[in-house]
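Here is what each chain is made of, one letter per residue.
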Amino acid sequence: MLSSLWPFRRARAGLSEEVTQLVRQWRGLPEYDQRRPAASGRWVVVDVESSGLDAVNDSLIAVGALGVVDGAIDLADSFEVILRQDAPSDTGNIEVHGIGGTEQTEGEDPALALAAFLDFIGKDPLVAFHAPFDATMIRRAVDRHLGFSFKRPWLDVADIAPLAWPRYASRLTGLDDWLETFEIPVAFRHRAIADCLVTAQLLLMVLPNARGIGAATAGELVALSASNRWLSQG
Amino acid sequence: MNERQPPPLLTAATADVLRKHAPFDAMRKADLEHLAAGLKLRYFAKDMVLLSPDSGRIDSLFIVQRGAVQVEEPTQVSLNTLAGTLADGDCFPVGALIAGRATTLRYRALRDTFCYVLDETRFKEVMARSPEFHAFCTRRLAALLATSRRGTREAYSNRAADELTMASPLRNAIRHAPVTLPESASVRQVLELMKSRRIGSIVLTDGGGHPTGIFTQTDVLNRVALAAQPLDRPVAEVMTRGPATLPASTALSEAAQLMARRGFRHVLVTDEDLLIGVISERDLFGLQRLSMQGLRKDIGRAESVDALAFAAREVRELGTAMLAQGVAAEQLTQFVSALNDAVTERAIELAMQDHDVAGIGFCWMGLGSEGRGEQTLATDQDNAIIFPDREGEDRQATRERLLAFADQVNRTLDACGFPLCKGNIMARNPAWCLSDTEWHERFDDWIRNSDPEALLNASIFFDFRALHGDATLVDRLREFLLDNVKDRPVFLRQMAANAAQTRPPLGLFGDIVGGEGGTIDLKRQVSRVFVDCARILSLAAGVGAVSTAERLRATGPRIRMSDDDVATAIDAFQFVQMLRLRAQDSLDRGAGASEPNRIDPDSLNTLDRRILRESLRQARKLQNRVGLDYQL
Numbered sequence: 000m001l002s003s004l005w006p007f008r009r010a011r012a013g014l015s016e017e018v019t020q021l022v023r024q025w026r027g028l029p030e031y032d033q034r035r036p037a038a039s040g041r042w043v044v045v046d047v048e049s050s051g052l053d054a055v056n057d058s059l060i061a062v063g064a065l066g067v068v069d070g071a072i073d074l075a076d077s078f079e080v081i082l083r084q085d086a087p088s089d090t091g092n093i094e095v096h097g098i099g100g101t102e103q104t105e106g107e108d109p110a111l112a113l114a115a116f117l118d119f120i121g122k123d124p125l126v127a128f129h130a131p132f133d134a135t136m137i138r139r140a141v142d143r144h145l146g147f148s149f150k151r152p153w154l155d156v157a158d159i160a161p162l163a164w165p166r167y168a169s170r171l172t173g174l175d176d177w178l179e180t181f182e183i184p185v186a187f188r189h190r191a192i193a194d195c196l197v198t199a200q201l202l203l204m205v206l207p208n209a210r211g212i213g214a215a216t217a218g219e220l221v222a223l224s225a226s227n228r229w230l231s232q233g
Numbered sequence: 000m001n002e003r004q005p006p007p008l009l010t011a012a013t014a015d016v017l018r019k020h021a022p023f024d025a026m027r028k029a030d031l032e033h034l035a036a037g038l039k040l041r042y043f044a045k046d047m048v049l050l051s052p053d054s055g056r057i058d059s060l061f062i063v064q065r066g067a068v069q070v071e072e073p074t075q076v077s078l079n080t081l082a083g084t085l086a087d088g089d090c091f092p093v094g095a096l097i098a099g100r101a102t103t104l105r106y107r108a109l110r111d112t113f114c115y116v117l118d119e120t121r122f123k124e125v126m127a128r129s130p131e132f133h134a135f136c137t138r139r140l141a142a143l144l145a146t147s148r149r150g151t152r153e154a155y156s157n158r159a160a161d162e163l164t165m166a167s168p169l170r171n172a173i174r175h176a177p178v179t180l181p182e183s184a185s186v187r188q189v190l191e192l193m194k195s196r197r198i199g200s201i202v203l204t205d206g207g208g209h210p211t212g213i214f215t216q217t218d219v220l221n222r223v224a225l226a227a228q229p230l231d232r233p234v235a236e237v238m239t240r241g242p243a244t245l246p247a248s249t250a251l252s253e254a255a256q257l258m259a260r261r262g263f264r265h266v267l268v269t270d271e272d273l274l275i276g277v278i279s280e281r282d283l284f285g286l287q288r289l290s291m292q293g294l295r296k297d298i299g300r301a302e303s304v305d306a307l308a309f310a311a312r313e314v315r316e317l318g319t320a321m322l323a324q325g326v327a328a329e330q331l332t333q334f335v336s337a338l339n340d341a342v343t344e345r346a347i348e349l350a351m352q353d354h355d356v357a358g359i360g361f362c363w364m365g366l367g368s369e370g371r372g373e374q375t376l377a378t379d380q381d382n383a384i385i386f387p388d389r390e391g392e393d394r395q396a397t398r399e400r401l402l403a404f405a406d407q408v409n410r411t412l413d414a415c416g417f418p419l420c421k422g423n424i425m426a427r428n429p430a431w432c433l434s435d436t437e438w439h440e441r442f443d444d445w446i447r448n449s450d451p452e453a454l455l456n457a458s459i460f461f462d463f464r465a466l467h468g469d470a471t472l473v474d475r476l477r478e479f480l481l482d483n484v485k486d487r488p489v490f491l492r493q494m495a496a497n498a499a500q501t502r503p504p505l506g507l508f509g510d511i512v513g514g515e516g517g518t519i520d521l522k523r524q525v526s527r528v529f530v531d532c533a534r535i536l537s538l539a540a541g542v543g544a545v546s547t548a549e550r551l552r553a554t555g556p557r558i559r560m561s562d563d564d565v566a567t568a569i570d571a572f573q574f575v576q577m578l579r580l581r582a583q584d585s586l587d588r589g590a591g592a593s594e595p596n597r598i599d600p601d602s603l604n605t606l607d608r609r610i611l612r613e614s615l616r617q618a619r620k621l622q623n624r625v626g627l628d629y630q631l
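Taken in sequence, the protein lines are chains A and B. So that you can map any letter, position 64 of the first sequence is 63 in numbering that gives the first Met the number 0, and since no number is skipped, the others follow by simple counting. So that you can map any letter, position 145 of the second sequence is 144 in numbering that gives the first Met the number 0, and since no number is skipped, the others follow by simple counting.
Please keep in mind that the hints were generated in silico from the structure rather than gathered at the bench. Do not rely on the hints blindly, as some may be mistaken.
[Stated by the list, open to error] For the chain B half of the interface with chain A, some residues (derived, Cβ under 8 Å), not all of them:
#, residue
1, R3
2, Q4
3, T13
4, K39
5, V48
6, I275
7, P429
8, A430
9, P451
Note that the Cβ used here is the ideal one computed from N, Cα and C, for glycine as well.
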């Protein structure tokens, strides 16, 4: 009841007017149309960099996002932000994503960074490869810095790709396997925005096949992804 | 969304992908990144049609990121009619985008393909700020031609895989590892090593193994034997210091030029400063006895018709070799013409040994393609004589003397591979062995009457050039022609109407339309259009140039043709000339056909077909321009 007046489950001290405004706007946006054809409209491919591979304990360092609109990647429809860290992650971790210590400690205020991220993604469905990791990292960060529970529909390309290309399903597991098979050129792996770009290219290849795997609409495609994960886990 | 910029990393990565291909590799970083920042990336599954005439007005540029796009002509279905295949980095459809029209072609993904898409607004911005990109998009023909020449070179070098041509690098001509001795070695040691290894030269090195000199068989004679030098002296005292050195990647032709120009007999070949061999003059001439200078000398020294005929045959062989090296058609035809001129000149000199005509002060003229310097490898004779009318001299008697002489020249040229002219346009024909007064009358008559025969003659005789003798006669004839033609718009209009009758074989949809058996006659249907139009435009502008390219270059600025338009028209003409040369060359190799200028467009590779089509379009454009000038 309170949430209809105030977007935050618990008020956070020190949230700026700008952040509050952005979050309010975002929460007021209408939900995406689940019945739209899968290949049309906007999908937002998301990738995160973190201080480690533990989605529960490691912290979110950077977020990249790239829009895929009506079956085309629009390079200008892209977003990248580094979240300010209290202390830089360790050297081994820095070598993975290449975001240096200074870049980390001089990053954007996390609350503003996440609010800007919300503003960029709108209420369009999100896409990632191995989405649960990205989803968890972002959910935890939003919870901590913005103080509400971030729940969005995620399309996991790692779930959908084996359905679209069953003959590769048993062989290909990681993102790199798929990129190699489809000869998708990789400029820099493990920079959020570069990973978004390659994941988005996989998405471009999936979308025309969506109907073939029983998902004519965007909503069905998202549902397929989630159910597939649930089934394979079970 | 337009003002939004992608993160620098994304822009830079995309620019890097593009930079692997022309024209992006030549663009300034800022311009390329401006282009990259505006791109979208689309995916097309195998067999999907990317664009077709049904797509309507083209409002974006496609750049193949990776994959393959087949270009098809929707009017035709057979596989032979493929217009081409586009690969990574190729842009399309540039022409339609600039013109803001629909494409005439259909673009289909041959396999899974990703394309960058640049919207029209950003495309125009990049065109406006990047001269390199602008040139690439507007001078497509030149860009395509460069690619085609590269292809010619490759096609020929594949055919002659183990046949060394003058375009091969020195590396390929090296026969054995270099034989070296320290320069402190005695002359005797050097001679013994030369004898035991049966080699003609030895490279001498300093303490560090760097070559400092060369000692050759010739030096034995001149500097040791004849100079009576003792054999125990160090070779350093008699060797040639600082021998010429070239990197292994140098073309044989370049090495040959250097040797001829500087008089070297040996050249050291190095690979990253390491000596890998020695090339001698003999090595080079063993590979290819033919060189331009050498041939010129052979021609000038030929003492008999047989010797001259032999040299003339070598001109053709060298022409073929140059064609294989991808030499541009304009240079190639100029070169063939220059050597053919030398053959003609020598034929005249030989005939003058038998005929006392030197005192007449005549001039031998080349006509038609010979006059324009545009001879291909299969050209028959077109020539004439002009002699001065002198007071107190009997014109007829002079003519008789010249005709006997000309007959011998014509027959010599026939023996040298320039067949006698079927239309008898030769100096031995009394009708074309005329005094200056007679020529002026003849020209005046053609210009006044402009009947079909006069127009035909004008198209041959107005392309005249002095080949031997008193060139002032020819200069005055040209002045006369230019003075008279400009006062006769009716004549030029008739010529223009005549030229308009040959239509380049282009269909309604910009496709090439073949005649019998799907073939087209490159000379009659294409070359002629350029030649005729250039003649008309230059005569009308009072320009005295004779070759088609020179005529267009000299006339263009006077008739407000842009430099780009002129250059493109010349490129197109030269491309057709090159196709003719290539077709004739394949005839020589036994393809066998009675019409050397006829080709089947479908036999061309896809790139050359595209260029031919563009060349036909250029021919039509030039023809339309002439048509407008004369309101045809």
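Results of checking the hints against the structure:
no. : hint : in the structure
1   : R3   : 5 Å, holds
2   : Q4   : 6 Å, holds
3   : T13  : 6 Å, holds
4   : K39  : 4 Å, holds
5   : V48  : 13 Å, violated
6   : I275 : 38 Å, violated
7   : P429 : 75 Å, violated
8   : A430 : 71 Å, violated
9   : P451 : 61 Å, violated
Checked against the numbered hints above, the structure violates hints 5, 6, 7, 8 and 9; every other hint is satisfied.
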